[in-house]
Each structure stands twice: as structure tokens, then as C-alpha cells.
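Participant: Please build the complex by placing chain G on the supplied structure of chain A, with the hints as guidance.
These are the residues of each chain, in order.
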Amino acid sequence: MSELTRRGFLRTGSAALAGAVAAGGLSGCASTKGETQPTGKRRVVVIGGGWGGATAAKYVRIGDPSIEVVLLEPNRQFISCPFSNLVLAGLRNIESLSFGYEGLRKRGVQVRHEMALAVEPDTKRVRLASGYLSYDRLIVSPGVDFQWELVEGLPAAKETVLHAWKAGPQTVQLARQIQAMPDGGVFVLTVPPVAYRCPPGPYERISLVAWYLKANKPRSKLIVLDANPNIVSKTALFREAWKAYPNIDYRATNRVVAVDTSTREVRTEFDRVKYDVLNLIPPQRAGQIAVDAGLTGADNRWCEVNHVTYESVKQPRIHVIGDATTGLPVPKSGNVANNMGKISAIAAVALLGDRPVQLLAPGNTCYSWVSNTEAIAVVNAYKIEGGKVVQIEQRLTPAQNASVAARAEGWTQSIWTDVIG
Amino acid sequence: MSTIRRLAVVVLAGFAIVLPAAPARAQGPASAPGPFDSPLAKVITCAACHGVNGNSRSDAMPIIAGMDAAYFKKQVQAYAGGARPSPEMGPYSKQILDIGVDEVAAFFAGQRMEPTPVKVDPAAVERGRVAAAACVACHGPAGKADPAKRTPALAGQAPGYLRDQIRLFKQDARNPGEAALAAVKAVMKTVPDERIPDIAAYYSSLR
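If you read the protein sequences in the order shown, they are chains A and G. Count along the first sequence from 1, add 232, and you get the number used in my numbering. Count along the second sequence from 1, add 4, and you get the number used in my numbering.
Since the hints were made in silico from the structure, they are not lab data. All C-beta atoms in this analysis are idealised placements derived from N, C-alpha and C, irrespective of residue type, glycine included. Accuracy of the hints is not assured; some may be wrong.
Listed next, the in silico DSS-like pairs over lysine-lysine satisfying Cα-Cα at most 30 angstroms (straight line) [unchecked claim]:
#1 A:Lys615 <-> G:Lys77
#2 G:Lys123 <-> G:Lys98
#3 A:Lys273 <-> G:Lys123
#4 A:Lys615 <-> G:Lys46
#5 A:Lys390 <-> A:Lys338
#6 G:Lys98 <-> A:Lys615
#7 A:Lys398 <-> A:Lys273
#8 G:Lys77 <-> A:Lys546
#9 G:Lys46 <-> G:Lys174
#10 G:Lys123 <-> A:Lys338
#11 A:Lys620 <-> G:Lys98
#12 G:Lys148 <-> A:Lys615
#13 G:Lys148 <-> G:Lys78
#14 G:Lys46 <-> A:Lys620
#15 G:Lys123 <-> G:Lys148
#16 A:Lys338 <-> G:Lys46
#17 A:Lys446 <-> A:Lys390
#18 G:Lys77 <-> A:Lys620
According to the in silico footprint, chain A covers these stretches of chain G (three or more CB under 8 angstroms from chain A) [what the hints assert, rightly or not]:
#19 57 to 68
#20 89 to 99
#21 127 to 140
With the rest of the complex left out, here is chain A:
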């Protein structure tokens, strides 16, 4: 089928669909809302404007400016999760991590601050409150959602028990709570079982809050209830850093099972722990839209993908990227999501243009702050072997220091530009 014929086919197919919508046959959507059709162009729709999705939208436009790209992201600002733990320690403000989407708009990405309500793989459409959006290829970067129901009492308390695991208003609220806590108060942080977004993130947070408390509230302590049997990432480096923080009471294999805000206590399988300030990071799974679209596996948690194209193994023409994916030997990090955004965009452009797909592997560079001046890092390089992503090497910084912290700052400057600039 030639390009022209294929486009003709798309138009015909969409017209038939529009007729069905007008007849009220699909969802009762009024015909005036109708559906937005590609205007003779090929269209890629991207769901989610975080590290993966924003990058993917930008790189599809770089790869082929003739492709129409629509990015669906309800939030008006991109707020970086990496570096947001510094806000909790009063070392950064949230504005310094917040960026608008003008950069993507300048590149011709149609950024729409709307929620994708549903995906219809059979008809290649995304449902919005305002109607339908058809696609030739869909890139889903849904991030994570929380499994509130796994902690008793949490579904009813999810507005007041803070996770601060999606940088934004909760980050600022938690910072205020920590600052307002009296000296001698107890801060309790709970770490969810793997897999969750940003493996070293809870431990960076523990380090920075411990640094803040040591400097500002020396009689306070920080109790860590970790569902995992040990520190999940950069284990030895965090252990070394924590020698400076005797205010940390780290308890491994302590999964939180319940929370009671009236008595200000959390319950683990063995224990009850009182708190003054609580940061409960709930168990996680892929963002809701991925679950609803049938992109998750038998566990109903994560999405398995082709390691070269990031196409879902469950649905054709749909790519899934970022923290929602599983089966690759990569951490759920912003750097990896950014790389997946590029690789999926390059693959989508190639597939839409009937060109060969290149074999490209991601990388992971992940810095963690352990004090106001020092950081540590883990770096992973990968290759494609037998159609799968395979790790070449993982390396850690030998010790914490200010030089690594300076490179962490450099990394944010470069990668934020790459994602959103």
C-alpha cells in the first residue's frame, strides 16, 4: 500500500468512525464534539508529559516534522521528581524544579492539558472529556499510581497522609510539615516493596531529612519502616552516609499494613509506631490508564514491552515507556524514562515511515544527595543482544563527595533541557 493510499485508507476509516459517533453508536458522544481526525497527516498521540512522554513527543517532532504530535498532560507544569527531595530539606524551592511546556509547543507539539480518559486500541482512539482523538501510533507514558488499598485506613486518608512521590503540591506540604515539627518530634517514613518509582529515592529522602533534622531539630528522630529486607539501591554508600546521622532508626523488613490518623500511628506486621509527621510512600503500579487499556500483565501492575520498539506486548501500535514498564533490567528512573522516550519516538517514526527500526539501548545515570553538599551515583550502561536490553556494566561512585554533587547539578541542567526545552 503506498503512502498516499494508506492515508486515504486512514481518512476513510476515520470517516466511517465519525459516522458511528454521530449515530451515537460508540459512547453517546454528541457529534458536535465528534472526534479530532488527523488532517491528512500521520498522528502520534502521547499520553503523559513527564520524563518519558515529554521527551517522546519532542523527539517524534525532531525525527519527522510532518508527523502531527498531540501530548495529553493534565498538569500545566512539568515538575521534576529528581532533586525534589532537596525541597524537603529546605535546600531548593519547588519553582526551581518546575517548567512550562512552551519548549515543546515551539517544536510543534500540540500540548493539551487534558486527561486521557480511555484508550480504544481496536479503533485506535483516545477518549477525552471533549471527544475522541485518533492516532496512528500511541505512546503511553503513564507513570505510577498508588495501590492505596494495600494499606488499611489509607484509602480514606489519602488526602492527609502524604506520599510526596509525585513532585508538586505534596512535596511543598511535606516540607512545611517537617519544618513545623517540634524539636524532639518523630518523623516516620515508610518504603514500599519493590518495584516502585526511583529505587534510591526513599534513601536519598531519608538522608536529606536526617541532615535537616540534625542541623535544625537535634532532638528529633527519623524512623524508617522499609518493606524490603535491605536498602534497595546504592546500599553500601547509603550505609556509609548514615554514619553521620545517628538520628536515623532504620528498620528493614517492616512493611506498613495500616495507618490510623486519629491516633497518629502506623502498624506494621509486627509493631505499632507513633509519628508526629508521616511520609507514607504507598505500593505502586503502572498509571491507571495503562491498567484500563489492558496494557498491564497478569499482575495488573506493570506493562511488558518489546525491548527495541517499546511496543506493548498486549496491544499493537501502542508503545509504553517509563516507570510503568517491566521486564527490562533497568531501574524506574527519570534518566531511563527520558531514554525510552527517545528510543520509542525513533522507533515510532521509523515504523510510520516504513523504515528499519534501529537497535538502541538506554542508559541510566542516577545521582542521590546524601547531605547539603555531597552526592553519590549509580550508572548503568546497556546494549541490545538477541532483541533484548542487556546490561553491560553497573558502576557506583567510590564515595560521597561534592564533585559528584556538582555533576548531579550538571546532569539536571542538561537533561531538563533534553526533556522539556
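Facilitator: Same frame as chain A, but now just chain G:
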């Protein structure tokens, strides 16, 4: 058959073998090659630290745009072999070798280097100018690259990166024991630690 076309066929053939479950592609003529049917696709992991096309804008991460290809390749090999210890470039150098170091080196050599926007203290620059007198023998008065001497461009490089590298040379932690670098390290040993940021500021200020 052009080289690009032939490469494409080879890649596609490999793809078909290793990925039998790969999605079927529509039949018909392929579209014209785009920007990513080039080495640009191979450098996607570099931008996270080194910026757009290798032009890092930060203090600590080096600018690699416009870097001499032979110098670039030597550094990648030094990182991979451990002569240049780096937690970041140790793993990534091996990824570059897997992808094809010559193509990656040629890509960055072909990019226009944009000098660092990081501002340095004019007084530090002035102190650095005096302290750098001994550096001129190899790096010239302008700090430009000299492929014949295998010296990289220092002019306009990120000051924090230059500072870190001078320290590594002084400590003999970069390419220890390499005869070709004995002279530079001997010079660095004569530089007091407090002058190191000044020399870095001076070279980063050159255009």
C-alpha cells in the same frame, strides 16, 4: 546500493532474525531518511549529561561538541580500560564501543562547539592567566585543540570540569604512568592547589 541503504538492509535483516515477533511493517516504499537515520540516533544517551549535540551548559559536565575525533576515541578507550577512572564514563564508554566509537566520535567532531555560558570571576581569570604561563608550551596562547599534539581545546570549556581534570592530573589519577602525559603532570605538580580554579577560570574564559 548506497552504504546507508546497505546498512539499513543489514540492520533490518538482523532485526528480522532476532525479533520474529516484531510488528509487521506496512508494505510499500519507505519514506525518505530522517534525522535519526544517522549517527544522531546513536548518541541519544549522551545528552542527559553533555547537552544538546554535546554542548553541555553546566559547570561540571564537559563540552564534547567539536572535539577532535582521534582525541575522543582515545578518551573513550581510556575510560573503558580504566586508565581514566569515572563512575559515569566507565559504563558509558563500553556502551559507545558497543555502538561504534568511530561513528560517535565523528558525530561529535562534526558539531559546532559553543563556549560555556558559565560566568567566572574576572579576578580569577587574571590570576589564572599568570599561573598558566607554563601551560602555553602545549596548549598554545589561545587554548585551542592541536590534534598533532593530541591536546584538546581548553578555550570555552566548562570551568568546573577543567578544575576537576587539573586536580586529577596533579594527583596522577588520570592515565597514571602514561609517558605522553608525564610533562603535563610535572607542570601541574608545581601549581599550588589554590591556583587550580584560577587556571580553569582562565581557560574557560578564552574564546
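Participant: Kindly indicate which numbered hints from before are broken by the structure, ordering the numbers from low to high.
Facilitator: 2, 3, 5, 7, 8, 9, 12, 21
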